[in-house]
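So the protein sequences, as listed, match chains A and B.
All letters in the first sequence, in the order written, are residues 1 to 284 by our numbering.
All letters in the second sequence, in the order written, are residues 1 to 297 by our numbering.
By construction, these hints were calculated from the structure, which means they are not laboratory data.
Hints are not guaranteed to be accurate.
Said to hold, decoys possible - From the derived model, a few chain B residues whose C-beta atoms are all more than 12 Å from chain A:
1) 64
2) 139
3) 156
4) 212
5) 274
Stated by the list, open to error - Taking CB as the label site, the calculated pair distances span:
6) 142(B) to 235(A): 34 to 40 Å
7) 58(A) to 17(B): 40 to 46 Å
8) 47(B) to 123(A): 43 to 49 Å
9) 171(A) to 49(B): 39 to 45 Å
10) 45(A) to 54(B): 35 to 41 Å
11) 200(B) to 197(A): 43 to 49 Å
12) 171(A) to 50(B): 33 to 39 Å
13) 45(A) to 72(B): 34 to 40 Å
14) 54(B) to 171(A): 32 to 38 Å
15) 123(A) to 49(B): 37 to 43 Å
16) 55(A) to 189(B): 37 to 43 Å
17) 38(B) to 53(A): 41 to 47 Å
All C-beta atoms in this analysis are idealised placements derived from N, C-alpha and C, irrespective of residue type, glycine included.
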Amino acid sequence: MSAPAYSSSHPADGEATPAAGAGLRAAIRTAGFVGLALIAVLVGMSDVVAPYAADALHVGAALAPPSALHPFGTDLLGRDILSETLHGLAITVDYAVLAMLVTLLAGGFAGFVSARLPWGSGVILRWIGGILGAVPALLLAILFIGITTRDLAPLAAGLAAAPLAFVRAYDRAGALARSRHAEYARATGILSATLLRRDLVYEFRDTFLANAARALAAVTITLATVSFLGFGAVPPHRDLGLMIAAARASYLEAWWTAAFPALALLLLILFARLAAALEEGERP
Amino acid sequence: MWVFGVKAAAQFAAAVAGAFLLAAAVAALPASGHAGSIPGYLAAWLRQMDLAAHFDFGTSQVSGLSAVTELTRGLPVTLELVGAGALVAVILGAPLGVLLGTGRRLRAAAPLVQIVAAAPVFCAGLLLLWLSKRFLGWQGAGPMPFWTPLLHGDPAVAIGFKALALPALTVGAAGAAAVQLALRRAASLAMEAPYRQGLRLMGLSGFEIDGNYLAPQILAGLLASLGEIALALLSAAAVAEWVFDWPGAAVLFVKSVALHDWSAAALVLLVFAFITIAADFAGKLAAHAIAPEEVWA
């Protein structure tokens, strides 16, 4: 993953040096991974950390503002929003990790391998990937869920994000196949399968974490949005998108009902974007 | 130019044909329900392809209207949102892109924009609704006429503006992120081009180089990203319609899928894919016309 904004520095004009740019990029990426690690710890301990069980009704007065007893306040049904946010974050992360794996397999890995398929047969798959990539991932995810069931929302979100990952990986593998090292390898009689295996190992080593973080950002946005639209998590298992959707009825008067789940969602996406070193505005 | 144009046109035609096949595959879904067999579905798909070639996507099983009629009701609303959002995107994104792309000190601040970029569109929409109600006393409203009163100087333009402003800002913010990124990338590439140093040695001033060489390169870079920007605007419009109760094509899609009414859903998919593909094609052609020496594949 490249970041031209930092790498294209002009030291002669008094700008940061390329080394400083790379250092900044590494610091941003580290901050992203540290943030994701903290979220993973929080999610792993959510049942211990959360003051109340998931979906515990009437533990406080309805729509009580943040207080010492309920630091994030309560919702319309008297649920503790701190507890609900922690449980919702855990469900969101569980679903997003599953969806991320689908994207990495059906997108990145399949795209990389397809570019090396014999007789140019991968071109057809690249064409299909390009067409699916022209449709907003949100609509694709809704379509997949509509064809199957809401229980398969993580799979649908993963598949919806896959076309873009497929196209990127296909183009990258194609460029590698045309590179000088590939030419030398072929000239010395190294088999295409061996070359593919070698490129896959290097690709995995160099870009796996960044690609995983990129996929995580993409599927989290899609999953939260499909849940918000009523196509994702099925109650009583409420993820953050569904919590925010439920808060629509009350958040104009009681801001805390939507603000804290939204903040948790924003942090998860932000850390994933930073870990992937995505640029602002870039499609994850 | 001709070689590039023919190649781009062939890619455009292949992509549009693929979008038709995708839409026909979706529209064929109800027919596959009778036996669930693959041959049955393929037969239905072939039938749908024939119908789709005549732009016939059947009748909505929910409303009883033709899918095309359903779409013609919702699409103008979506296009209005996308159009207004594009305007906002250019107004917000262009200066930001130029500043972050050429202002060397400001580049260090670029990661801060990540915080805004990380907010899902529906969260941004809800936040705008909350802010407008709290500080401006605005109430959310569906689509109201804005452009016609504006052109005729009608006082009703204020009501239309209130209805359009928030969804347009929501869509525009997503588009602005894409616009500034495209500009910034183009600016970074153009500023690294070796000809800059050569022109300087030839005695041209920085202003002349930027005006005559750099600006066209940056504009071409922006145009080459038109497909990506269109996709960002369409994606944001789909969510904004839902948040602000605008009965557009995306809402039609969501409701159609929820009710398994595949004919309307297929048509919306086709139109959205076509808009992205056409924007990409037109943008690449325009970019090539402005800067033919660059590769805009």
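Hint by hint, here is what the structure shows:
1. Non-interface status of residue 64(B) relative to chain A is upheld: no Cβ of that chain comes within 12 Å, the nearest being about 20 Å off.
2. Non-interface call for residue 139(B) relative to chain A: violated, since the shortest CB-CB distance, roughly 10 Å, does not exceed 12 Å.
3. Under the 12 Å C-beta cut-off, the non-interface status given to residue 156(B) relative to chain A holds; the minimum distance is some 26 Å.
4. Listed as a non-interface residue, residue 212(B) keeps its Cβ farther than 12 Å from every Cβ of chain A; the least gap is roughly 20 Å.
5. For residue 274(B), the condition that its CB be more than 12 Å from all CB atoms of chain A is violated, with the nearest at approximately 8 Å.
6. In this structure the supplied range 34 to 40 Å is violated for residue 142(B) paired with residue 235(A), their Cβ-Cβ distance being about 28 Å.
7. Between residue 58(A) and residue 17(B) the beta carbons are some 58 Å apart, a value that contradicts the proposed interval 40 to 46 Å.
8. Taken as a hint, the range 43 to 49 Å is violated for the pair residue 47(B) and residue 123(A), whose Cβ atoms sit roughly 28 Å apart.
9. Between residue 171(A) and residue 49(B) the C-beta distance comes to about 29 Å, which lies outside the given range of 39 to 45 Å.
10. Between residue 45(A) and residue 54(B) the beta carbon distance is about 60 Å. The supplied range of 35 to 41 Å is therefore violated.
11. A hinted range of 43 to 49 Å holds for the C-beta pair residue 200(B) and residue 197(A), which are about 48 Å apart.
12. Range check, residue 171(A) to residue 50(B): about 34 Å between beta-carbon atoms, so the 33 to 39 Å window is met.
13. At roughly 53 Å, the beta carbons of residue 45(A) and residue 72(B) sit outside the given window of 34 to 40 Å.
14. Range check, residue 54(B) to residue 171(A): about 36 Å between beta-carbon atoms, so the 32 to 38 Å window is met.
15. At roughly 21 Å, the beta carbons of residue 123(A) and residue 49(B) sit outside the given window of 37 to 43 Å.
16. A beta carbon spacing of about 52 Å between residue 55(A) and residue 189(B) contradicts the range 37 to 43 Å that was offered as a hint.
17. A beta carbon spacing of about 46 Å between residue 38(B) and residue 53(A) agrees with the range 41 to 47 Å that was offered as a hint.
Checked against the numbered hints above, the structure violates hints 2, 5, 6, 7, 8, 9, 10, 13, 15, 16; every other hint is satisfied.
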